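Enquirer: What follows is each chain in one-letter form.
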Amino acid sequence: MKRGFVILLITAMMLGLVACGNNDTTNTSQNTQNTAGTTDTTENTGKTDSSTTDTEEPVTITYCNFNASGGNEATLASMYEAFHAEYPNITVEIETVAYSDYFTLMQTRVAGGTAPDCYELNIENFASYAAKGVIADLSASDTSKFNTTALSAFNVGGTQYGLPGNFSNVVLFFNKDLFDQAGVSYPDSSWTWEDVQAASEAIKALGDDYYGIYAPITYNEFFKVAAQFGGSLLNSDKTAFTINSAENIAAAQMMVDRILVSNIQPTSEQMGGMGDWDLFESGRLGMIPTGIWAFNTFTDACDFAWDICVEPGQTQKATHFFSNALVVNASSEKKDAAITWITWLASSDESAQLRIAAGWDLPAINNQDVLNGYLAITPPENRQAVFDSLNYLVVPPIIEDYSMMSDIITDKLSAAATGTMTVQEALDAAQSECEAQITLQ
Amino acid sequence: MKQSKWKSIPFLLPSLLGMVVLSLLPIAIAIVLSFTDWNGLDKLNLTTIRNEFVGFKNYISILGSAEFWQVLGHTVYYIVLYLPLAMLASMGIALLLNKGRKGTAFFRVIYYIPVLTSWVAASLIWKWVLSSKYGIINNLLALVGITGPAWLSSPVWAMPGIVLASVWKDMGFYGLFLLSGLTAINTTYYEAAKVDGAGKLTMFFKITLPLVTPTLFFCLIMSLINAFQLFPQVQIMTEGGPNGATRVVVERIYTYGFSYFKMGFASAYSWLLFLIIFILTLVQFKLQNGWVHYES
Chain A
0 MKRGFVILLI TAMMLGLVAC GNNDTTNTSQ NTQNTAGTTD TTENTGKTDS STTDTEEPVT
60 ITYCNFNASG GNEATLASMY EAFHAEYPNI TVEIETVAYS DYFTLMQTRV AGGTAPDCYE
120 LNIENFASYA AKGVIADLSA SDTSKFNTTA LSAFNVGGTQ YGLPGNFSNV VLFFNKDLFD
180 QAGVSYPDSS WTWEDVQAAS EAIKALGDDY YGIYAPITYN EFFKVAAQFG GSLLNSDKTA
240 FTINSAENIA AAQMMVDRIL VSNIQPTSEQ MGGMGDWDLF ESGRLGMIPT GIWAFNTFTD
300 ACDFAWDICV EPGQTQKATH FFSNALVVNA SSEKKDAAIT WITWLASSDE SAQLRIAAGW
360 DLPAINNQDV LNGYLAITPP ENRQAVFDSL NYLVVPPIIE DYSMMSDIIT DKLSAAATGT
420 MTVQEALDAA QSECEAQITL Q
Chain B
0 MKQSKWKSIP FLLPSLLGMV VLSLLPIAIA IVLSFTDWNG LDKLNLTTIR NEFVGFKNYI
60 SILGSAEFWQ VLGHTVYYIV LYLPLAMLAS MGIALLLNKG RKGTAFFRVI YYIPVLTSWV
120 AASLIWKWVL SSKYGIINNL LALVGITGPA WLSSPVWAMP GIVLASVWKD MGFYGLFLLS
180 GLTAINTTYY EAAKVDGAGK LTMFFKITLP LVTPTLFFCL IMSLINAFQL FPQVQIMTEG
240 GPNGATRVVV ERIYTYGFSY FKMGFASAYS WLLFLIIFIL TLVQFKLQNG WVHYES
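Chains as they are written, first to last, in numbering that gives the first Met the number 0: chain A, 0 to 440; chain B, 0 to 295.
Be aware that a few hints might be false.
As the list claims (entries may be wrong) - Simulated pairs of lysine-lysine, PhoX-like, Cα-Cα distance not exceeding 25 Å: (1) B:Lys193 / B:Lys98; (2) B:Lys42 / B:Lys56; (3) B:Lys132 / B:Lys168; (4) A:Lys175 / A:Lys333; (5) A:Lys131 / B:Lys132; (6) B:Lys193 / B:Lys101; (7) B:Lys42 / A:Lys333; (8) A:Lys131 / B:Lys42; (9) B:Lys101 / B:Lys199.
Said to hold, decoys possible - One-sided excerpt, in silico: chain A residues whose CB lies under 7 Å from chain B: (10) Thr103; (11) Ala110; (12) Thr113; (13) Gln383.
Claimed, not checked - Which residues of chain B face chain A? A few of them, derived with a C-beta cut under 7 Å, are: (14) Leu40; (15) Ile136; (16) Lys168; (17) Tyr259.
Derived by calculation from the structure, the hints in this document are not laboratory data. From a predicted model like this one, the values you see are computed outputs, not experimental measurements. Every residue gets a Cβ at the ideal spot worked out from N, C-alpha and C, and that includes glycine.
Generate coordinates for the entire structure from the input sequences, incorporating the hints supplied.
Expert: This is the structure we're talking about:
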């Protein structure tokens with residue numbers, strides 16, 4: 000090879016570095032279903048009179064989403080057909096993008112001034128977009144049909160920046176056959192984590208490869224368990240971190256002890272690369288708190304009897320709520336039409352019925368008649384637990400630097416879960432690192 | 000001669016335009032951004048740049064943070080393991096495929112298939128290959144009485160696990176370059192050596208190796224640059240864990256830019272990485288006079 004040619008090729012390679020540093024970011028590990036959502040069960044924003052619907056002139060808007068990708072594109076298309084029949088003047092150009100590329104793409108479009116008129120955001124990104132003023136105030140929209148708790152998830156400082164497009168929550172799944180074998184009665188909504196511990200130990204005793212429970216040691220799981228112990232990550236007005244409070248330490252200690260002390264939950268070595276759902280499906284796991292989006296998968300994959308119940312608590316109950324926000328571009332010139340479309344998509348009876356029929360999460364609506372269709376499907380027999388859980392929804396602490404806080408806490412908890420730090424050290428470190436790196440408003 | 004240079008311009012133009020618009024321009028903009036606090040969402044124009052200008056603040060805070068040195072350390076650890084293994088494996092493949100044995104064409108394709116496989120698929124397969132309980136590697140080790148490590152769940156063994164996967168995926172690529180280097184060696188050298196009574200080993204060390212050094216040098220630098228950009232396999236196989244043991248520089252750039260909305264900070268990170276690679280490449284160019292033999 001000639002020296003000049005070598006130099007030329009290498010220079011081209013190096014230059015490629017800075018430009019291409021971010022193009023290979025297939026974030027496949029992330030859950031494509033949902034993202035932590037929220038709410039406090041406070042008041043309805045109660046705006047019912049809408050100024051949005053009667054668009055005389057034909058208008059075309061653009062809508063971008065990730066939630067329909069990978070199987071629900073046709074459902075979304077049929078929703079749009081129903082919408083267009085009702086609002087013939089509004090044409091919506093729908094673009095569905097895979098989750099792995101969605102947020103990089105959306106960030107680039109927003110910065111470049113080419114964002115769609117309305118689009119979907121997960122909770123991690125929602126708070127940042129709202130804080131940076133790139134999404135519109137939706138306070139004028141008709142929110143009368145929404146579930147108020149779901150709606151409050153996307154209300155920042157009194158301003159409604161997003162509408163809950165869908166929702167899912169988390170319940171406790173359990174393997175009935177394993178409970179029978181261990182001679183333990185099935186869990187119910189009266190259980191605390193102590194009951195879970197006792198049942199798990201009985202199931203663990205069935206054999207070396209059997210485990211009682213699997214609850215990931217992550218930020219998402221932690222903020223909920225902390226709430227069950229009466230703790231929280233921020234003080235009530237979100238001006239200070241309270242990560243290493245006594246309640247939070249008790250919560251994290253219980254999560255970590257399940258792995259390191261009683262081993263009713265497998266270590267990562269014992270998992271051997273297996274996923275938590277796989278472990279449950281294999282019939283060797285007694286209980287798993289996970290999302291209701293597991294229904295279809297478990298129905299297909301489990302050859303044993305299983306059911307669900309409201310997740311146990313400690314000093315109080317607290318359950319996860321997952322939702323994605325539908326938002327309107329702050330610089331869109333067709334805000335009215337965009338609001339009409341996302342309000343219809345998220346809260347109309349027609350849209351909700353199509354969503355339920357397709358088994359595509361739940362609509363975040365308050366019309367119980369429509370939701371009842373969902374209860375008729377089994378398994379699980381105790382599907383009512385999905386709705387009972389809504390009484391205990393917990394709000395994730397939404398701050399502008401949400402992703403950074405979540406990463407720092409997950410990092411430290413992982414260190415505690417492998418025993419390289421005590422729980423106290425881990426939460427102390429998380430507290431000081433969050434204080435050093437994140438400025439709270 | 001001059002005339003033919005101008006004639007080539009229309010042919011170069013499509014690639015040149017692509018490079019200028021999609022690579023050089025973003026690179027230039029990234030320098031400017033690295034001196035700002037731009038969040039990646041505000042509309043990017045001169046006013047934004049002026050308002051968000053922070054001078055060398057991003058560079059100072061990156062260099063002053065323990066995190067930068069930690070992720071750089073992880074990246075260097077990967078490179079130290081990866082480079083020699085990748086070069087040895089590629090050279091081995093090139094030598095095997097150069098013999099003109101039966102079925103060589105078939106094996107050339109086989110060794111190149113991992114190169115064409117996407118990292119997503121390859122990483123998922125390697126996650127299972129390296130599984131401490133169900134993986135083929137640990138099960139083979141168990142046959143000879145060795146208890147295999149926990150690989151991806153062990154802070155010590157996770158990076159070597161990623162190195163194994165990377166070497167497997169890349170060796171066909173560099174092997175192909177080295178193979179072309181080997182086939183370009185004039186056979187008269189070997190004939191002359193044979194006449195003089197040289198053995199196989201002597202011929203390899205005195206003829207093959209020196210004459211393939213320019214290709215080897217090229218492969219070495221390319222693999223070094225690629226290794227510094229380590230990211231997709233880490234993101235899929237370990238997500239930077241366990242306990243951050245496999246967190247690397249490009250993962251930080253991505254996270255700061257697209258997850259934490261600190262695009263200025265991420266740009267500064269990119270440029271620091273570029274400078275490191277640039278300096279190391281310069282050093283390699285200086286050192287090449289000691290061992291690389293060009294034919295002309």
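Enquirer: Now, for every hint given, state plainly whether the structure supports it.
Expert: Hints, one by one, checked against the model:
Restraint check for Lys193 (chain B) and Lys98 (chain B): the C-alpha separation of about 17 Å stays at or below 25 Å, so the hint holds. For the proposed pair Lys42 (chain B) and Lys56 (chain B), the alpha carbon gap of about 22 Å is at most 25 Å, so the pair holds. At most 25 Å may separate the alpha-carbon atoms for a hinted pair to count; Lys132 (chain B) and Lys168 (chain B) meet this at roughly 23 Å. Pair hint Lys175 (chain A) plus Lys333 (chain A) does not hold up; C-alpha atoms about 53 Å apart against a cutoff of 25 Å.
For a cut-off of 25 Å, the pair hint linking Lys131 (chain A) to Lys132 (chain B) is broken: about 47 Å separates their Cα positions. As the CA atoms of Lys193 (chain B) and Lys101 (chain B) are separated by approximately 24 Å, the hinted pair is consistent with the 25 Å bound. Only pairs whose Cα atoms come within 25 Å are accepted, and Lys42 (chain B) paired with Lys333 (chain A) is accepted, the gap being roughly 19 Å. In summary, the hint linking Lys131 (chain A) to Lys42 (chain B) is supported, as the alpha carbons are separated by about 11 Å, within the 25 Å threshold.
This hinted pair checks out: Lys101 (chain B) and Lys199 (chain B) have alpha carbons roughly 21 Å apart, not beyond 25 Å. Because the beta carbon of Thr103 (chain A) sits about 5 Å from the nearest beta carbon in chain B, less than 7 Å, this interface hint is met. Evaluation of the Ala110 (chain A) hint against chain B yields a held restraint, the C-beta minimum of about 5 Å falling below 7 Å. With its C-beta approaching chain B no nearer than about 10 Å, Thr113 (chain A) sits outside the 7 Å limit, and its interface hint is violated.
The interface hint given for Gln383 (chain A) is violated, since its Cβ lies 36 Å from the closest Cβ of chain B, which is over the 7 Å cut-off. The closest approach between the C-beta of Leu40 (chain B) and any C-beta of chain A is roughly 5 Å, which is under the 7 Å cut-off, so the hint is satisfied. Look at Ile136 (chain B): its Cβ only gets to about 12 Å from chain A, farther than 7 Å, so that hint breaks. Evaluation of the Lys168 (chain B) hint against chain A yields a violated restraint, the C-beta minimum of about 13 Å exceeding 7 Å.
For Tyr259 (chain B), the interface hint holds, since its Cβ comes within 7 Å of a Cβ in chain A; the closest pair sits about 5 Å apart.
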